[in-house]
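S.K.: Take a look at the letters that make up each chain.
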Amino acid sequence: MKAARRGLIGAIGLFLYAPIFVLIVFSFNASKSQMVWGGFTLSWYGDLFRDNLVLSSLYTTLSIGVLASALSSVIGTAAAIGFHAMRRKPRGVCLQVNNIPVVNPDIITGVSFRLLFVVFLSLFAAIGLDLQLGFVSLLLAHMSFCIPYVILSVLPKLGQMGANVYEAALDLGAHPLAALRKAVLPEIMPGVVSGFIISFTLSIDDFMISYFTSGTAVQTLPVTIYSMTRKRISPEINALSTIMFLSVLLLLILVNVLQSKDTKKHKRT
Amino acid sequence: MVSRRLKWLAAPYILWMGVFVVSPLVIVTFFAFTARDGGFGLDNFLQLRAFAPVFARSFYLAFLATAVCLLLGYPFAYALSRESARVQGAALLLVMLPMWMNFLLRTYAWMNILENNGLINRFLGNFGIGPLQLINTQGAVVLGMVYNYLPFMILPVFTVIQKIHASLIEAAQDLGGNARVVFARVVFPLSLPGVLSGITMVFVPSASTFIISKLLGGGKVLLLGDLIEMQFLGNAYNLHLGSAISIVMMLLVVLCMTVMNRFGDRGDVIYV
Amino acid sequence: MKKALSVAALALTAALALTACAGGPRIIVYNWGEYFDEELNAAFTKETGVKVVYRTFDTNEILYASMKSGGVAYDVIIPSDYMVGLLIEEDMLQPLDKGKLSNYGDVMEMYRDLEYDPGGRYSVPYMTGSVGIIYNTTKVTKPVESWDILWDPDYEGQIIIFDNSRDALGIALKKLGYSFNTTSENELREALAALIEQKPLLQAKMMDQIFDKLTSGAAAIGTYYAGDFIEMRKDNPDLAFVWPKEGTNVFVDAFCIPKNAKNPDGAHMYIDYMCRAESGLANVDVTGYSTPLQSVYEQLDEDWLEDGISYPEGGILQYGEVFKSLPKATRELYDRLWTDYNAAS
Chain A
1 MKAARRGLIG AIGLFLYAPI FVLIVFSFNA SKSQMVWGGF TLSWYGDLFR DNLVLSSLYT
61 TLSIGVLASA LSSVIGTAAA IGFHAMRRKP RGVCLQVNNI PVVNPDIITG VSFRLLFVVF
121 LSLFAAIGLD LQLGFVSLLL AHMSFCIPYV ILSVLPKLGQ MGANVYEAAL DLGAHPLAAL
181 RKAVLPEIMP GVVSGFIISF TLSIDDFMIS YFTSGTAVQT LPVTIYSMTR KRISPEINAL
241 STIMFLSVLL LLILVNVLQS KDTKKHKRT
Chain B
1 MVSRRLKWLA APYILWMGVF VVSPLVIVTF FAFTARDGGF GLDNFLQLRA FAPVFARSFY
61 LAFLATAVCL LLGYPFAYAL SRESARVQGA ALLLVMLPMW MNFLLRTYAW MNILENNGLI
121 NRFLGNFGIG PLQLINTQGA VVLGMVYNYL PFMILPVFTV IQKIHASLIE AAQDLGGNAR
181 VVFARVVFPL SLPGVLSGIT MVFVPSASTF IISKLLGGGK VLLLGDLIEM QFLGNAYNLH
241 LGSAISIVMM LLVVLCMTVM NRFGDRGDVI YV
Chain C
1 MKKALSVAAL ALTAALALTA CAGGPRIIVY NWGEYFDEEL NAAFTKETGV KVVYRTFDTN
61 EILYASMKSG GVAYDVIIPS DYMVGLLIEE DMLQPLDKGK LSNYGDVMEM YRDLEYDPGG
121 RYSVPYMTGS VGIIYNTTKV TKPVESWDIL WDPDYEGQII IFDNSRDALG IALKKLGYSF
181 NTTSENELRE ALAALIEQKP LLQAKMMDQI FDKLTSGAAA IGTYYAGDFI EMRKDNPDLA
241 FVWPKEGTNV FVDAFCIPKN AKNPDGAHMY IDYMCRAESG LANVDVTGYS TPLQSVYEQL
301 DEDWLEDGIS YPEGGILQYG EVFKSLPKAT RELYDRLWTD YNAAS
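Chains as they are written, first to last, in my numbering: chain A, 1 to 269; chain B, 1 to 272; chain C, 1 to 345.
A hint or two may mislead.
[Unchecked claim] Below, computed lysine to any residue pairings styled on SDA-like, alpha-carbon distance capped at 20 Å:
no. : chain 1 : residue 1 : chain 2 : residue 2
1   : A       : Lys-231   : C       : Gly-33
2   : C       : Lys-262   : C       : Gln-94
3   : B       : Lys-7     : A       : Leu-170
If you are wondering where the hints come from, they were derived from the structure by calculation, not from laboratory data.
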């Protein structure tokens with residue numbers, strides 16, 4: 001029984017990792033072919049680091065990711081606190097609307113943003129403002145699909161918080177802002193942090209919405225990867241995959257090590 | 001009592017939702033009901049009848065992918081739930097890890113494996129089999145969906161199964177239930193919420209993808225996503241038709257999810 | 001600690017927001033994929049100080065959709081003949097200032113006054129070329145003379161065609177004996193029927209990926225460009241190139257400056273730079289396409305001239321039919337037919 005169980009787990013693991021393993025192996029292939037081994041090389045990695053498009057889109061992806069998740073965390077946390085303070089009915093409506101980008105297929109969100117920007121830009125053009133799709137439109141679009149997740153991860157924490165925490169702080173003479181910062185925020189911080197992390201991962205991984213809202217001059221990495229897959233095969237993609245895989249692996253190991261250290265510490269005290 | 005004054009903190013975001021959630025949908029609806037030359041009407045929707053096969057194909061392939069994910073993911077999640085916490089932690093990490101790599105790269109990986117002179121066909125060639133037509137088929141597209149979205153099935157199912165209290169299972173066993181009965185009467189019904197959210201999380205992106213069909217379908221397996229993309233940024237520029245297809249797709253997805261939530265005991269969908 | 005972290009986060013945010021807006025003069029260039037020596041961009045920047053944001057598209061139709069739906073302002077684009085014509089018609093290009101194009105005189109006489117852009121007011125030819133059938137001689141043993149070979153059931157699963165409406169429908173039109181530029185709905189519908197009939201035989205339809213598919217032997221027969229064939233044959237000597245007897249598409253791709261270009265001066269400098277003999281030679285070397293520049297042509301190695309495909313006597317344009325810009329009704333019909341074709345199973 002146990003062997004069968006382990007076998008199943010192993011088989012699915014193999015299914016998930018075999019393709020990635022193949023990608024990684026062929027990133028060191030001296031021949032351009034993805035099928036025949038032509039000797040070992042690191043030259044595709046060199047090409048990758050000299051590829052301006054890849055580097056600039058990596059930069060765009062990271063900066064959009066940091067900005068979008070930071071701003072989304074602020075707006076989303078504020079909105080969650082606000083929603084929490086509302087009466088049942090209006091809160092229900094707000095949450096329904098908030099859920100739309102979560103539930104909608106990404107492609108619909110993407111094309112609807114595109115139309116929104118197209119309409120807005122032509123309105124701006126009519127009053128003599130000539131703007132382009134680019135960094136700002138990307139950022140706005142990314143924030144729009146990140147904020148709902150921040151709200152969804154902060155709201156439960158607000159529910160767990162004592163109902164009177166804020167009032168009590170006010171009664172004790174705290175300034176409303178200070179009451180929020182010193183009494184409410186610490187209570188919901190885990191939700192804010194996980195909202196931030198979810199936003200950041202969603203943002204750097206997003207293709208669909210960036211594809212429809214980025215114009216052409218500013219591209220995120222996934223959009224660049226897409227254009228690479230549409231051309232002649234270049235093992236640069238394999239090199240890129242390898243680097244991404246290894247960085248994610250390292251990150252996860254790091255997080256795990258830190259976490260287990262943390263729990264050990266807690267156990268001791 | 002919660003302080004009502006704090007509700008004003010939601011004001012900026014409510015404004016934001018007005019601009020970035022509600023108005024895009026209004027604009028899409030507006031485009032869907034107008035023609036290229038500006039006239040109002042249902043023309044775009046009437047055209048959609050010609051695309052019934054595409055709707056059918058998208059939902060059929062997404063259904064297949066979801067079914068395969070369930071068949072692979074459920075036993076996996078169940079098997080995993082019986083393992084020690086250490087194994088669980090490691091296995092979950094292994095399941096999540098590929099998700100952090102961009103899905104374009106994950107899909108790209110299969111292109112070379114399935115190619116006519118790719119690894120599988122080369123391997124089979126050693127035994128005098130093939131070459132088989134693997135890439136650019138519907139099967140390849142379903143494979144791509146399963147590969148990309150399988151973790152979306154495993155994670156919610158596992159989360160729910162793991163929460164089923166061991167004492168419940170023991171109680172069922174004590175009452176004389178054999179393994180099969182315990183599973184059918186206790187574990188499976190209790191895991192349904194996870195299954196439902198897994199189904200949603202696999203089905204929706206599968207039905208609306210255009211990348212997987214482009215990379216693994218060779219432009220031959222057209223899905224709804226491709227049809228929409230073609231109208232917006234591709235080879236047949238017609239924003240109005242694209243909007244109409246989007247609206248119908250959105251309604252169908254909402255319909256599917258409503259039916260599914262009815263079907264389950266609990267109305268809410270869990271997002272991981 | 002927390003404070004330091006939030007200050008750091010704020011500073012990072014501000015820095016990112018600022019650098020996103022920074023930068024000197026730049027131009028955005030939008031060209032076909034796999035169609036340029038990209039090292040020239042760096043050389044151009046080094047000489048002029050103008051940064052080049054270089055992006056690529058797959059098909060003329062994608063370029064059109066991207067410009068039409070708004071929100072982008074390219075400085076230099078390189079569409080093909082009929083698309084140049086359409087963009088002129090829709091008032092989306094600006095007339096070029098020939099005074100700023102010191103190397104324009106090097107463009108061969110026969111490419112200066114073409115139907116899509118009379119008098120060459122809006123465009124400077126970049127490359128010319130032709131479409132043909134490329135096939136693997138070890139797998140295709142029948143004689144390849146006609147477009148019909150792409151409809152031959154013996155090669156089921158081995159055939160690849162272009163993934164865009166104008167090329168695909170055009171090939172079907174030619175096979176049926178019609179003109180590429182027909183506006184007859186009946187003829188176009190016949191062409192659509194032929195394509196749908198062919199669909200089960202196809203391995204795929206794609207654009208730049210055709211190159212690898214044919215050179216690696218993953219497919220036996222496909223439509224592609226003469227220029228790339230030269231490169232492909234180096235990788236795979238079994239490949240052969242044919243102009244089908246019904247006639248083929250010959251084309252000119254040309255530099256243009258869109259009306260809403262942000263940096264038309266930089267765009268002129270760029271076009272002029274690419275019309276230098278050194279640039280032209282570098283591009284011929286990388287792409288294999290045929291140059292319209294006289295001095296480049298004179299400096300070419302002998303073997304470029306031998307094959308009779310790249311530089312046939314009297315210029316390529318006599319050897320096939322050029323796509324023309326079509327009336328609006330026909331263009332919309334193309335979009336419609338192409339959607340229907342893709343939807344068909």
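S.K.: Against this structure, judge whether each hint is valid.
M.R.: Hint check:
Among the hinted pairs, Lys-231(A) with Gly-33(C) is consistent with the structure: their alpha-carbon atoms are about 7 Å apart, no more than 20 Å. Restraint check: the Cα-Cα separation between Lys-262(C) and Gln-94(C) comes to about 12 Å, which is no more than 20 Å; the hinted pair holds. Pair hint Lys-7(B) plus Leu-170(A) holds up; C-alpha atoms about 16 Å apart against a cutoff of 20 Å.
Checked against the numbered hints given earlier, the structure satisfies every one of them.
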